[in-house]
Amino acid sequence: MSKYTEAELKKELETKEYAYGFYTDIDSDTFPPGLNEAVVRAISLKKNEPEWMTEWRLEAFRHWETMVEPEWANVRYKKPEFQNISYYSSPKQKPKYDSLDEVDPELLDTFKRLGISLDEQKLLAGVAVDVVMDSTSVATTFKKTLAEKGIIFCSISEAIKEHPELVQKYLGTVVPKKDNFYAALNSAVFSDGSFCYIPKGVRCPMELSTYFRINQAGTGQFERTLVIADQGSYVSYLEGCTAPSRDENQLHAAVVELIALDDAEIKYSTVQNWFPGDKSGKGGVYNFVTKRGLCENRAKISWTQVETGSAITWKYPSCVLKGDDSIGEFYSIAVTNNFQQADTGTKMIHLGKNTRSTIISKGISAGQSQNSYRGLVQIGPRAENARNFSQCDSLLMGNRCGAHTFPYIEAKNKTAQIEHEATTSKIGEDQIFYCNQRGIETEKAIALIVNGFSKEVLNKLPMEFAVEAQKLLEISLEGSVG
Amino acid sequence: MLQIKNLHASIDGKEILKGINLEIKPGEVHAIMGPNGSGKSTLASVIAGHDAFEQTQGEILFEGEDIQELAPEERAHRGVFLSFQYPVEIPGVSVTNFIKTAINELRKSKGQEDMPANEMLALIKQKAELLEIDRKFLSRSLNEGFSGGEKKRNEIFQMAMLNPKLAILDETDSGLDIDALRVVANGVNRLRSQENAVIVITHYQRLLDYIIPDFVHVLHDGKIVKSGEKELAHQLEEKGYDWVK
Chain D
1 MSKYTEAELK
11 KELETKEYAY
21 GFYTDIDSDT
31 FPPGLNEAVV
41 RAISLKKNEP
51 EWMTEWRLEA
61 FRHWETMVEP
71 EWANVRYKKP
81 EFQNISYYSS
91 PKQKPKYDSL
101 DEVDPELLDT
111 FKRLGISLDE
121 QKLLAGVAVD
131 VVMDSTSVAT
141 TFKKTLAEKG
151 IIFCSISEAI
161 KEHPELVQKY
171 LGTVVPKKDN
181 FYAALNSAVF
191 SDGSFCYIPK
201 GVRCPMELST
211 YFRINQAGTG
221 QFERTLVIAD
231 QGSYVSYLEG
241 CTAPSRDENQ
251 LHAAVVELIA
261 LDDAEIKYST
271 VQNWFPGDKS
281 GKGGVYNFVT
291 KRGLCENRAK
301 ISWTQVETGS
311 AITWKYPSCV
321 LKGDDSIGEF
331 YSIAVTNNFQ
341 QADTGTKMIH
351 LGKNTRSTII
361 SKGISAGQSQ
371 NSYRGLVQIG
381 PRAENARNFS
391 QCDSLLMGNR
401 CGAHTFPYIE
411 AKNKTAQIEH
421 EATTSKIGED
431 QIFYCNQRGI
441 ETEKAIALIV
451 NGFSKEVLNK
461 LPMEFAVEAQ
471 KLLEISLEGS
481 VG
Chain G
1 MLQIKNLHAS
11 IDGKEILKGI
21 NLEIKPGEVH
31 AIMGPNGSGK
41 STLASVIAGH
51 DAFEQTQGEI
61 LFEGEDIQEL
71 APEERAHRGV
81 FLSFQYPVEI
91 PGVSVTNFIK
101 TAINELRKSK
111 GQEDMPANEM
121 LALIKQKAEL
131 LEIDRKFLSR
141 SLNEGFSGGE
151 KKRNEIFQMA
161 MLNPKLAILD
171 ETDSGLDIDA
181 LRVVANGVNR
191 LRSQENAVIV
201 ITHYQRLLDY
211 IIPDFVHVLH
221 DGKIVKSGEK
231 ELAHQLEEKG
241 YDWVK
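Chains D and G, in that order, give the protein sequences.
Going by the working numbering, the letters in the first sequence line up with residues 1 to 482, in that order.
Going by the working numbering, the letters in the second sequence line up with residues 1 to 245, in that order.
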């Protein structure tokens with residue numbers, strides 16, 4: 001069969017929408033700019049949500065209206081005009097091109113260097129995909145394997161309809177809808193996202209990747225993710241992909257909530273590669289994310305992130321160690337180049353006894369970028385024998401970038417043991433010359449040095465992801481010295 | 001192999017080398033001696049192509065080719081190796097990973113494929129034995145926390161792996177105790193052949209008891225002020241550098 005043309009695909013999608021009854025009499029797929037209660041209601045209606053969900057959104061919205069944008073982060077940008085943003089557009093992305101020949105060659109070159117297959121390249125670049133290469137069959141097999149174990153993995157919209165008891169019980173319990181300005185905004189207007197539930201005692205047999213929810217490609221501006229690992233279960237979840245995302249939306253405000261019940265373990269890995277803006281600092285995505293996990297007794301949550309994209313990053317994946325003997329981990333590599341600004345880190349809130357946390361943060365700054373680590377380690381009065389180890393390393397390339405570390409420690413229990421180590425180093429000309437003398441050219445030398453610097457974190461990523469992330473680091477820093 | 005003609009070089013406008021002439025043929029070992037600040041290490045850096053130094057006059061011919069315009073890695077690909085006086089640390093990059101990268105970059109420059117893993121392992125094993133390096137050492141981060149002796153031994157290990165045509169050993173004896181000195185010198189001697197040449201830069205005569213030079217040159221204030229055979233090194237040891245000034 002020949003390729004879908006854009007018109008054919010559009011037609012089919014329209015038909016499907018109608019068949020499932022999602023169609024409303026609003027003509028356009030995109031709402032006009034502006035945010036008020038009517039818009040929030042319309043989003044909920046458009047998504048055919050139950051009444052409780054609509055009320056939940058409205059409550060978040062009413063609170064958001066009373067809030068102001070936070071200004072404590074070490075980033076400078078022009079604040080978004082919230083009334084100039086459209087808060088709903090159809091989640092189904094239409095292919096923009098008929099063949100790869102029409103796609104930006106620079107983008108294709110990056111795909112090639114990342115080792116992404118031709119079929120995947122088409123999907124990522126938004127090219128209509130041949131029916132022969134049936135990605136849905138992969139997704140179907142995948143879903144079947146999960147269903148056999150009782151694992152639920154679907155979009156959050158689907159979960160609201162199919163599993164309301166789980167969503168109602170857990171949504172907003174880790175990141176309350178009034179938590180912060182962006183979390184409140186997300187709670188009011190979230191478009192879609194992922195939902196995952198692992199039943200008691202089940203070890204998820206594969207890495208769960210948003211990548212496989214192929215039909216919901218196009219993550220959207222206000223993504224909402226909820227992962228629940230029931231008692232004694234285990235899941236490894238991968239978010240994002242290494243391919244560059246050229247999103248039209250400037251503002252992204254996602255919320256991710258993780259719940260690890262007694263003896264459960266969640267490993268959450270992210271590769272974020274949103275459009276960082278061009279070399280002169282124009283454009284680029286603002287990424288304001290709230291990510292938090294809750295650990296019950298003996299549970300463990302491990303965040304691993306590789307952040308190379310976005311013009312502005314504001315992100316602190318955190319762990320609330322509520323249960324006794326629970327464990328929180330944060331492993332991060334944040335790269336900033338050109339005019340990018342990142343203020344990222346974590347919060348480890350120790351509430352239970354014998355709770356342990358580890359923070360390993362690696363910041364790499366190049367060009368004229370600013371890279372800040374901000375971390376809070378809080379030991380509550382009940383948290384006997386809590387322990388934390390933090391290590392923050394910064395690597396600078398050139399003389400015009402900046403690296404900053406803002407560690408906060410609050411200990412309310414005398415038995416706590418907290419260690420903090422920080423280093424700042426610069427890729428030296430002597431290091432580069434040493435590599436050159438051994439026949440290693442400068443770009444390759446930088447890649448080698450950067451990968452060595454990031455090794456402790458790269459090692460925490462699932463194998464395949466680690467290889468891609470390593471290449472991504474090299475590409476992100478290309479041309480930054482010379 | 002190497003011809004240096006009237007070489008002048010400066011750093012930040014300050015002239016360090018003031019007209020060096022030197023010819024080295026395959027199979028030869030040349031020692032360059034001289035007091036601190038005479039320009040020994042500068043000469044090594046200029047041959048290797050360090051861009052902090054400006055070659056203001058004269059020429060360096062390597063196998064008949066003027067290498068002034070070549071980048072350091074291109075010189076390395078042609079077979080120039082510098083054993084550094086102060087090898088740098090590269091945290092997180094293992095000795096093995098580093099040498100693997102260097103070998104494969106060298107092969108790439110010659111249009112060859114990467115060296116197959118089993119071949120690489122066999123070669124590493126062989127050369128590590130030659131320099132009495134144990135396995136644990138190979139997995140450590142390059143030069144990070146290495147003792148002076150370990151750093152120098154690692155330099156010679158890399159030299160053994162890369163098998164250069166011209167090896168320049170810059171103060172390889174500094175920081176070595178007598179046992180380490182013997183191991184390193186033994187390694188260098190085992191790698192000598194009729195095709196390769198070695199320049200030994202040293203302050204003291206001690207290393208030259210182990211690596212016997214064919215020629216000795218004394219460098220003073222950016223010029224070679226005396227050349228001779230190996231006896232010259234002994235004379236210098238007895239009489240001191242003031243003798244040649």
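Treat the hints with caution; some may be incorrect.
Only pairs whose alpha carbons sit at most 20 Å apart, straight line, appear in this in silico SDA-like list of lysine to any residue [stated by the list, open to error]:
id	chain 1	residue 1	chain 2	residue 2
1	G	K136	D	E456
2	D	K426	G	G92
3	D	K444	G	L123
4	D	K455	G	F137
5	D	K471	G	K108
6	D	K444	G	H77
7	D	K444	G	K239
8	G	K108	D	E456
9	D	K444	G	E105
10	G	K100	D	G201
11	G	K108	G	P91
12	G	K100	D	A447
13	D	K455	G	H77
14	D	K444	G	E229
15	G	K100	D	Q431
16	D	K471	G	A71
17	D	K426	G	E229
18	D	K46	D	M67
19	D	K444	G	A71
20	D	K149	D	F181
21	G	K239	G	E229
22	D	K471	G	E229
Okay, the calculated beta carbon distance ranges per label pair [said to hold, decoys possible]:
id	chain 1	residue 1	chain 2	residue 2	range
23	D	F389	G	N21	28 to 36 Å
24	D	K282	G	G19	29 to 37 Å
25	D	T145	G	A122	50 to 58 Å
26	G	A71	D	M67	39 to 47 Å
27	G	K110	D	K471	41 to 49 Å
28	D	F389	G	N186	55 to 63 Å
29	G	D51	D	M67	28 to 36 Å
30	D	E158	G	E74	57 to 65 Å
31	D	P80	G	E74	46 to 54 Å
32	G	N186	D	H420	23 to 31 Å
33	D	K471	G	P26	51 to 59 Å
No lab work stands behind these hints, which were simulated from the structure alone.
Ideal placement from N, C-alpha and C gives every residue a C-beta, glycine not left out.
Notebook entry, point to check: Does the structure keep K136/G and E456/D at a Cα separation of 20 Å or less?
Noted result: holds, 19 Å
Notebook entry, point to check: Do D51/G and M67/D keep their Cβ atoms within the hinted range of 28 to 36 Å?
Noted result: Since the Cβ atoms of D51/G and M67/D sit about 54 Å apart, the hinted range of 28 to 36 Å is violated.
Next item on the list: Measure nothing beyond the straight line between the CA atoms of K100/G and A447/D; if it is 20 Å or shorter, mark the hint as holding.
Entry: holds, 14 Å
Item checked: Pairwise hint evaluation, L123/G against K444/D, where the allowed Cα distance is 20 Å at most -> violated, 23 Å
Check: Taken at face value, is the distance from the CA of H77/G to the CA of K455/D at most 20 Å?
Finding: Not satisfied, since the Cα-Cα distance of roughly 28 Å exceeds 20 Å.
Margin query: Checking one constraint from the list: CA of K100/G to CA of G201/D, max 20 Å. Satisfied?
Written below: violated, 44 Å
Checklist line | Agreement of K471/D and A71/G with the hint, judged by alpha carbon distance not exceeding 20 Å | finding: violated, 25 Å
Margin query: Can you confirm whether the C-alpha distance between K471/D and K108/G stays at or below 20 Å?
Written below: holds, 19 Å
Check: If you check the beta carbons of N186/G and H420/D, does the distance land in 23 to 31 Å?
Finding: violated, 46 Å
Next item on the list: Starting from K444/D, check that the Cα of E229/G is at most 20 Å away, please.
Entry: Roughly 42 Å separates the two Cα atoms, so the pair is violated.
Check: Is the hinted pair K239/G and E229/G satisfied, with a Cα-Cα distance of at most 20 Å?
Finding: holds, 16 Å
Notebook entry, point to check: K444/D and K239/G: Cα distance at most 20 Å?
Noted result: The hint is violated at about 48 Å.
In this structure, the hints that do not hold are numbers 3, 7, 8, 10, 11, 13, 14, 16, 17, 18, 20, 22, 23, 24, 25, 26, 27, 28, 29, 32 and 33, in rising order.
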